[in-house]
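Colleague: Kindly produce the complete structure, drawing on both the sequences and the hints.
2 protein chains.
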Amino acid sequence: MALFRKLIQLSSTARQSSSSLSSSLKPKLSMTPSLVLAGSFWGFSTTSRQAGLGPTKSDEKPRVVVLGSGWAGCRFMKGIDTNLYDVVCVSPRNHMVFTPLLASTCVGTLEFRSVAEPIGRIQPAISSEPGSYFFLANCTALDPHNHVVHCQTVTDGADSLDPWDFKISYDKLVIAAGSQPLTFGIKGVTEHAVFLREVYHAQEIRRKLLLNLMLSDVPGVTEEEKRRLLHCVVVGGGPTGVEFSGELSDFIIKDVHQRYAHVKNYIHVTLIEANEILSSFDDRLRKYATKQLVKSGVRLVHGIVKDVQPEKIILNDGTNVPYGLLVWSTGVGPSGFVNNLELPKAPGGRIGVDEWLRVPTVQDVFSIGDCSGFLESTGRPTLPALAQVAERQGKYLASQLNKIGKAGGGHANAAKDNELGEPFVYKHLGSMATIGSFKALVDLRQSKEGKGLSMAGFVSWFIWRSAYLTRVLSWRNRFYVAINWATTFVFGRDISRI
Amino acid sequence: MALFRKLIQLSSTARQSSSSLSSSLKPKLSMTPSLVLAGSFWGFSTTSRQAGLGPTKSDEKPRVVVLGSGWAGCRFMKGIDTNLYDVVCVSPRNHMVFTPLLASTCVGTLEFRSVAEPIGRIQPAISSEPGSYFFLANCTALDPHNHVVHCQTVTDGADSLDPWDFKISYDKLVIAAGSQPLTFGIKGVTEHAVFLREVYHAQEIRRKLLLNLMLSDVPGVTEEEKRRLLHCVVVGGGPTGVEFSGELSDFIIKDVHQRYAHVKNYIHVTLIEANEILSSFDDRLRKYATKQLVKSGVRLVHGIVKDVQPEKIILNDGTNVPYGLLVWSTGVGPSGFVNNLELPKAPGGRIGVDEWLRVPTVQDVFSIGDCSGFLESTGRPTLPALAQVAERQGKYLASQLNKIGKAGGGHANAAKDNELGEPFVYKHLGSMATIGSFKALVDLRQSKEGKGLSMAGFVSWFIWRSAYLTRVLSWRNRFYVAINWATTFVFGRDISRI
Numbered sequence: 003m004a005l006f007r008k009l010i011q012l013s014s015t016a017r018q019s020s021s022s023l024s025s026s027l028k029p030k031l032s033m034t035p036s037l038v039l040a041g042s043f044w045g046f047s048t049t050s051r052q053a054g055l056g057p058t059k060s061d062e063k064p065r066v067v068v069l070g071s072g073w074a075g076c077r078f079m080k081g082i083d084t085n086l087y088d089v090v091c092v093s094p095r096n097h098m099v100f101t102p103l104l105a106s107t108c109v110g111t112l113e114f115r116s117v118a119e120p121i122g123r124i125q126p127a128i129s130s131e132p133g134s135y136f137f138l139a140n141c142t143a144l145d146p147h148n149h150v151v152h153c154q155t156v157t158d159g160a161d162s163l164d165p166w167d168f169k170i171s172y173d174k175l176v177i178a179a180g181s182q183p184l185t186f187g188i189k190g191v192t193e194h195a196v197f198l199r200e201v202y203h204a205q206e207i208r209r210k211l212l213l214n215l216m217l218s219d220v221p222g223v224t225e226e227e228k229r230r231l232l233h234c235v236v237v238g239g240g241p242t243g244v245e246f247s248g249e250l251s252d253f254i255i256k257d258v259h260q261r262y263a264h265v266k267n268y269i270h271v272t273l274i275e276a277n278e279i280l281s282s283f284d285d286r287l288r289k290y291a292t293k294q295l296v297k298s299g300v301r302l303v304h305g306i307v308k309d310v311q312p313e314k315i316i317l318n319d320g321t322n323v324p325y326g327l328l329v330w331s332t333g334v335g336p337s338g339f340v341n342n343l344e345l346p347k348a349p350g351g352r353i354g355v356d357e358w359l360r361v362p363t364v365q366d367v368f369s370i371g372d373c374s375g376f377l378e379s380t381g382r383p384t385l386p387a388l389a390q391v392a393e394r395q396g397k398y399l400a401s402q403l404n405k406i407g408k409a410g411g412g413h414a415n416a417a418k419d420n421e422l423g424e425p426f427v428y429k430h431l432g433s434m435a436t437i438g439s440f441k442a443l444v445d446l447r448q449s450k451e452g453k454g455l456s457m458a459g460f461v462s463w464f465i466w467r468s469a470y471l472t473r474v475l476s477w478r479n480r481f482y483v484a485i486n487w488a489t490t491f492v493f494g495r496d497i498s499r500i
Numbered sequence: 003m004a005l006f007r008k009l010i011q012l013s014s015t016a017r018q019s020s021s022s023l024s025s026s027l028k029p030k031l032s033m034t035p036s037l038v039l040a041g042s043f044w045g046f047s048t049t050s051r052q053a054g055l056g057p058t059k060s061d062e063k064p065r066v067v068v069l070g071s072g073w074a075g076c077r078f079m080k081g082i083d084t085n086l087y088d089v090v091c092v093s094p095r096n097h098m099v100f101t102p103l104l105a106s107t108c109v110g111t112l113e114f115r116s117v118a119e120p121i122g123r124i125q126p127a128i129s130s131e132p133g134s135y136f137f138l139a140n141c142t143a144l145d146p147h148n149h150v151v152h153c154q155t156v157t158d159g160a161d162s163l164d165p166w167d168f169k170i171s172y173d174k175l176v177i178a179a180g181s182q183p184l185t186f187g188i189k190g191v192t193e194h195a196v197f198l199r200e201v202y203h204a205q206e207i208r209r210k211l212l213l214n215l216m217l218s219d220v221p222g223v224t225e226e227e228k229r230r231l232l233h234c235v236v237v238g239g240g241p242t243g244v245e246f247s248g249e250l251s252d253f254i255i256k257d258v259h260q261r262y263a264h265v266k267n268y269i270h271v272t273l274i275e276a277n278e279i280l281s282s283f284d285d286r287l288r289k290y291a292t293k294q295l296v297k298s299g300v301r302l303v304h305g306i307v308k309d310v311q312p313e314k315i316i317l318n319d320g321t322n323v324p325y326g327l328l329v330w331s332t333g334v335g336p337s338g339f340v341n342n343l344e345l346p347k348a349p350g351g352r353i354g355v356d357e358w359l360r361v362p363t364v365q366d367v368f369s370i371g372d373c374s375g376f377l378e379s380t381g382r383p384t385l386p387a388l389a390q391v392a393e394r395q396g397k398y399l400a401s402q403l404n405k406i407g408k409a410g411g412g413h414a415n416a417a418k419d420n421e422l423g424e425p426f427v428y429k430h431l432g433s434m435a436t437i438g439s440f441k442a443l444v445d446l447r448q449s450k451e452g453k454g455l456s457m458a459g460f461v462s463w464f465i466w467r468s469a470y471l472t473r474v475l476s477w478r479n480r481f482y483v484a485i486n487w488a489t490t491f492v493f494g495r496d497i498s499r500i
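Sequences listed follow chains A and B, in order. Residue numbers for the first sequence follow the working numbering, so the first one is 3 and each next one is one higher. Residue numbers for the second sequence follow the working numbering, so the first one is 3 and each next one is one higher.
Calculated from the structure, these hints are not laboratory results. Some hints here could point you the wrong way.
No distinction is drawn between identical chains; accordingly, a pair holds when it is met within one copy or between any pair of copies.
[Claimed, not checked] Taking lysine-lysine and the DSSO-like style, the derived pairs with C-alpha atoms no more than 27 Å apart in a straight line are:
1) LYS266 <-> LYS80
2) LYS256 <-> LYS80
3) LYS408 <-> LYS418
4) LYS59 <-> LYS450
5) LYS405 <-> LYS59
6) LYS453 <-> LYS266
7) LYS453 <-> LYS314
8) LYS408 <-> LYS450
9) LYS418 <-> LYS80
10) LYS256 <-> LYS297
Modeller: Shown next as structure tokens:
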């Protein structure tokens, strides 16, 4: 029975050429839920097939489609009641990244898998329920009038398969597609710098760092080149940049001195920030962090990057800064996908939502996390692009949709305004950042001007570690994070370059 | 003082163009140990610099150069007395792979780092002693008459650095450069199949397997294509092929059924072998293994591969076998580097050595592991390309060189034949292989025709696990292997595709 239900949901219209963004916004296809698969794969080009999940029937569970697998989307999927809804997640990665601990993986304090949660572990229905799916794909266009999203698979260069298009009918759509790093139009950033938002970024940083450590020890490297190879430059003094600099200096002090003794005097970390580091933190904490970072050997430079070249960056004042590793962490902005959506926008270009996180111009579309912001008409400020905002929104929206589903409004165009209940209110719980050498900052004030506890040092570091350990989503990863911390303490960081 | 010693060992002859393989075999350069670095890096093309480590002086420690970081080279480095010798290792990877457990990492039973030992952990002197080094490089040519090896760095596509050449004078040279997979000249193997010898192979297999599992669930995939994507074909029925098939079927039974419930009926494993599987094992064990593999769903096919195409392989009898993942494991043979060496060869093309593992035509050159074999003149058979042979040879050679070093024969051309002692004798300790479902084979006979204990089943599996757990080199990895096994048992295998 379950298999049968799954099969009839796989509908397709064969041999239809893939639709472009513009044409997809027009009503065009009648998505009949019948099993007409797109002919033999071998017979014709993959781009010519168009299959998908057709609209749900009124006697079936309504379908929530979630675009994205970050904090917002995953917290939403964790909270949604799978007795009320089928859940379909569309994302180019099959896991959530526990971003606050990502910086630790770049130098081996934590392992990559300890900070990645497979979506199937967050919401098991996705891997087992007949109507719930995870699709490794990008959303390419949105057709809100027909309640359809258009997607394209991520085949990741697999040599035997070209990407293909498909579409999914939704009853409710949750856009949690995240943001992308800001480069301010500076030339060369995308080509030569590494961002720090995904596990593969951290992997690239670790491989590059170990490569440079090894190459700088090979005969034939000049003093100048050795200094360049081992110069790690971090641009951006927000929590990510500062935490990464702290981790790097820990790695240098504790591991490089012992395992790369030949080159230990050549490695340096420079943190470049245009304004002041950790600008969202208390003045006192900021001063403390500055002092600690300088003490552990991080060079803090006030400057604006003008140009990024393969071996050096050039600052606004003309200074040349040669580097071997460049990490770019200057905040995030709307992605190309969000920019291209024909939906109302909040100030700053994010998808505009009302107090209930709905996109008001269309039915059954919601947006949460970094990609969304309150519409100007709500009179509310845009919330910062933080994990805790995204997570809170995901949790809120799940309970909203559960409420709607229970009241019978789960299907497309079936929800009524009186089922909405309380609007979303964000209460900032405070900020934390580790700065290396067993030190961290904890700022529990609700806003920059607010009053409240703020502290720094070893106790804060302990709070930082405990807090994040309890926040790690699964018991498996919680266990591994603890084990990784313990082995790093006992055996040092792993330096295999794999 | 230590720094000074290190500095004078960095000698170079500036602006010399990189020498070719043929010319490098002629005596050509006087390697004076003076600090003449190759000018500014920025000034001229990187290929034009030639630096290196010059010959050691008689009042300095002699230098052993080890080519390779596999079982043989690493066991040698672990055993060499660093009070007697400086050790320089040249290898394109900075770690040793614990190969018997590599198959387990492909499906997440073990993590990649649990089977990789950094060389600096195996021989700490390499990372800290002023005259010992690890160089991330390939040896390009050998000049045995001048006691010099020519190398080229592995820069791995780093966008800011071209590879460069350098040379190292040795007092003793240990060639432990390993072997390469045999493809029998079959077209398409290198392009479309994955080998299983390095950590990056296991990573590729895991990524491909998870990608295919996810793509086969996306709308638009035909039944036929789904079956192809989820058809895992293993060519070669030796221990590696069988262990990998066993791990895969475990993964399918325990994890795919739970985490990829939608496609669980489409995934299959086929093991193709031209002769019989596990040919080195006892007949009874072989039958047991065959029965067990078939029971856990592995299809065993007798066949010879003729052609490998991106989506299918073609057997000699004309059968087409479509695949989504193809793992190639049909044994190993001499690498291009070994083929190009102008040294005496053993039957089969390996570097020929005498009973003391010396290359007899040249002074101070030894060869161990898969790349070497006994010369025909010794009247001894070529030993199999096994970890236990390589390890035993590494251990033997380390104690030989320690003996020679103690007797004052450590420097180039200083060893006398009467310091050699006992020749190397290999005693086979038996073979083990796991076949999945908590079952393994243990064959303790010394040869195929010999008598002795052989057994199969759960107890063997327990012996297999315990034996390898104690053989893992470092306490850190021993701990992690145990933890990985425990978490796999409790939480299942990790399916994040990172």
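Colleague: Now look at each hint and say whether the structure bears it out.
Modeller: Against the structure, the hints come out as follows:
1. For the identical chains of this complex, LYS266 and LYS80 are inter-copy neighbours only, at 24 Å across copies versus 46 Å inside a copy, given an alpha-carbon limit of 27 Å.
2. In this homomeric assembly, LYS256 and LYS80 come within 27 Å of each other (Cα to Cα) only across copies, at 23 Å, whereas the closest approach inside a single copy is 39 Å.
3. Taking the closest pair of Cα atoms, LYS408 and LYS418 come within 27 Å of each other only inside a single copy of the chain (12 Å); across copies the shortest separation is 89 Å, beyond that limit.
4. Proximity of LYS59 to LYS450 under the C-alpha cut-off of 27 Å is found in neither arrangement, the shortest distances being 50 Å within a copy and 66 Å between copies.
5. Within a single copy, LYS405 and LYS59 get their C-alpha atoms as close as 20 Å, which meets the 27 Å cut-off; across copies the closest is 82 Å, which misses it.
6. For the homomeric pair LYS453 and LYS266, neither the shortest alpha-carbon distance inside one copy (43 Å) nor that between copies (56 Å) is at most 27 Å.
7. Taking the shortest Cα distances, LYS453 and LYS314 never come within 27 Å of each other, neither inside one copy (42 Å) nor across copies (67 Å).
8. Proximity of LYS408 and LYS450 under a CA criterion of 27 Å is satisfied in neither setting, with 40 Å inside one chain copy and 69 Å between copies.
9. With identical chains, the CA atoms of LYS418 and LYS80 are at most 27 Å apart within one copy only, with a shortest distance of 24 Å there and 73 Å across copies.
10. Taking the shortest Cα distances, LYS256 and LYS297 sit within 27 Å of each other inside one copy (14 Å), while across copies they are farther apart (51 Å).
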